[in-house]
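So the protein lines, in turn, are chains E and S.
Take the first sequence: its position 104, counted from the start at 1, is 104 in the working numbering, and no numbers get skipped.
Take the second sequence: its position 21, counted from the start at 1, is 21 in the working numbering, and no numbers get skipped.
Calculated directly from the structure, the hints in this document are not laboratory data.
Misleading hints may appear alongside valid ones.
Stated by the list, open to error - Derived list of chain S stretches under chain E, where covered just means 3 residues or more per stretch with a C-beta under 8 angstroms from a C-beta of chain E:
{"id": "1", "region": "32-42"}
{"id": "2", "region": "45-52"}
{"id": "3", "region": "102-108"}
Said to hold, decoys possible - Calculated Cβ distances over 12 angstroms to all of chain S for the following chain E residues:
{"id": "4", "residue": "Thr13"}
{"id": "5", "residue": "Tyr18"}
{"id": "6", "residue": "Val74"}
{"id": "7", "residue": "Val114"}
Said to hold, decoys possible - Below are the BS3-like pairs computed for lysine-lysine, each with C-alpha atoms no more than 25 angstroms apart in a straight line:
{"id": "8", "chain 1": "S", "residue 1": "Lys98", "chain 2": "S", "residue 2": "Lys2"}
{"id": "9", "chain 1": "S", "residue 1": "Lys98", "chain 2": "E", "residue 2": "Lys78"}
{"id": "10", "chain 1": "S", "residue 1": "Lys70", "chain 2": "S", "residue 2": "Lys56"}
{"id": "11", "chain 1": "S", "residue 1": "Lys56", "chain 2": "S", "residue 2": "Lys98"}
{"id": "12", "chain 1": "E", "residue 1": "Lys15", "chain 2": "E", "residue 2": "Lys78"}
{"id": "13", "chain 1": "E", "residue 1": "Lys78", "chain 2": "S", "residue 2": "Lys42"}
{"id": "14", "chain 1": "E", "residue 1": "Lys11", "chain 2": "S", "residue 2": "Lys42"}
{"id": "15", "chain 1": "S", "residue 1": "Lys67", "chain 2": "S", "residue 2": "Lys98"}
{"id": "16", "chain 1": "S", "residue 1": "Lys67", "chain 2": "S", "residue 2": "Lys2"}
Here the structure is a predicted model, which means the values were calculated and not measured.
Don't be surprised by glycine CBs; every beta carbon is placed ideally from N, CA and C.
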Amino acid sequence: GAGVSQTPSNKVTEKGKYVELRCDPISGHTALYWYRQSLGQGPEFLIYFQGTGAADDSGLPNDRFFAVRPEGSVSTLKIQRTERGDSAVYLCASGPGAGDYGYTFGSGTRLTVV
Amino acid sequence: QKEVEQDPGPLSVPEGAIVSLNCTYSNSAFQYFMWYRQYSRKGPELLMYTYSSGNKEDGRFTAQVDKSSKYISLFIRDSQPSDSATYLCAMRRTNAGKSTFGDGTTLTVKP
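Make the full structure from the sequences, and use the hints.
Structural data, given as structure tokens:
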């Protein structure tokens, strides 16, 4: 596609529920990143994929967070047993390859845990 | 202490002014330096990038990196109301995928 697409754009869920957030990167981009942005703060790194594999998952806060990219294109961020502190905008970005200096972000999924 | 510090502002200037936005950092391993612009409820948009020290100019925007001082700047000339947004600096090490972002400076350019 022309840009990075994230769905849903908004998600409200109850504490303790499971959620999946989807990212459709720019066609042909091999690098994919997930970031989380809280109000008034900059994006915080979560995980980086190069192709199908997670090249760096050091930013995932705990084992409730998991991400996959099974075919090297679409990625899903999965959050189990959601907590109110998980409320944030989850941003996905893609880039043409390893070592690219900047990437293209999607508009994000605004997750609210009530 | 955060790795990347950025004055949150807010910064308000009249149209046509020169704007200076700055970040400091503590990790000397950072080699790539980026500036992103973020409008409300949108994702960050890459404006400028610089590798190592030096200046880079693109239209009304100039990015400067001073690695000896661990200080980077973005200058906007002839600022326009459409420049009103939050500006985020970001940086990363060589061969590292992830970038570390500042918390952003909110800029308003008044007509």
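So, going through the hints one by one against the coordinates:
A count of 5 residues in the region 32-42 of chain S with a Cβ less than 8 angstroms from any Cβ of chain E is obtained; the coverage claim is therefore met, three being the minimum. With 4 residues bearing a CB less than 8 angstroms from a CB of chain E, the region 45-52 of chain S meets the requirement of three and the coverage assertion stands. Coverage of the region 102-108 of chain S by chain E holds in this model, with 3 residues showing a Cβ closer than 8 angstroms to a Cβ of that chain against a need of three. Distance to chain S confirms Thr13 of chain E as a non-interface residue, since its nearest Cβ pair spans about 19 angstroms, more than 12 angstroms.
No Cβ of chain S approaches the Cβ of Tyr18 of chain E within 12 angstroms, the least distance being about 25 angstroms, so the stated non-interface status holds. Here Val74 of chain E stays apart from chain S, with its beta-carbon at least about 17 angstroms from theirs, past the 12 angstroms limit. With a cut of 12 angstroms on Cβ distances, Val114 of chain E stays outside the contact zone with chain S, its closest approach being about 20 angstroms. Proximity of Lys98 of chain S to Lys2 of chain S is assessed by CA-CA distance (about 16 angstroms); at most 25 angstroms being required, the pair is judged to hold.
Restraint check: the Cα-Cα separation between Lys98 of chain S and Lys78 of chain E comes to about 20 angstroms, which is no more than 25 angstroms; the hinted pair holds. Proximity of Lys70 of chain S to Lys56 of chain S is assessed by CA-CA distance (about 17 angstroms); at most 25 angstroms being required, the pair is judged to hold. For the proposed pair Lys56 of chain S and Lys98 of chain S, the alpha carbon gap of about 22 angstroms is at most 25 angstroms, so the pair holds. Simply put, Lys15 of chain E and Lys78 of chain E have alpha-carbon atoms about 14 angstroms apart, close enough for the 25 angstroms limit, and the pair holds.
For the hint linking Lys78 of chain E to Lys42 of chain S, the alpha-carbon distance of about 22 angstroms falls within 25 angstroms, and the restraint holds. With a C-alpha separation of about 16 angstroms, the suggested pairing of Lys11 of chain E with Lys42 of chain S holds against the 25 angstroms cut-off. Note on Lys67 of chain S and Lys98 of chain S: the hinted pairing holds, with a Cα-Cα distance of about 19 angstroms set against a maximum of 25 angstroms. Distance hint between Lys67 of chain S and Lys2 of chain S is fulfilled; the C-alpha atoms sit about 17 angstroms from each other, no more than 25 angstroms.
Checked against the numbered hints above, the structure breaks none of them.
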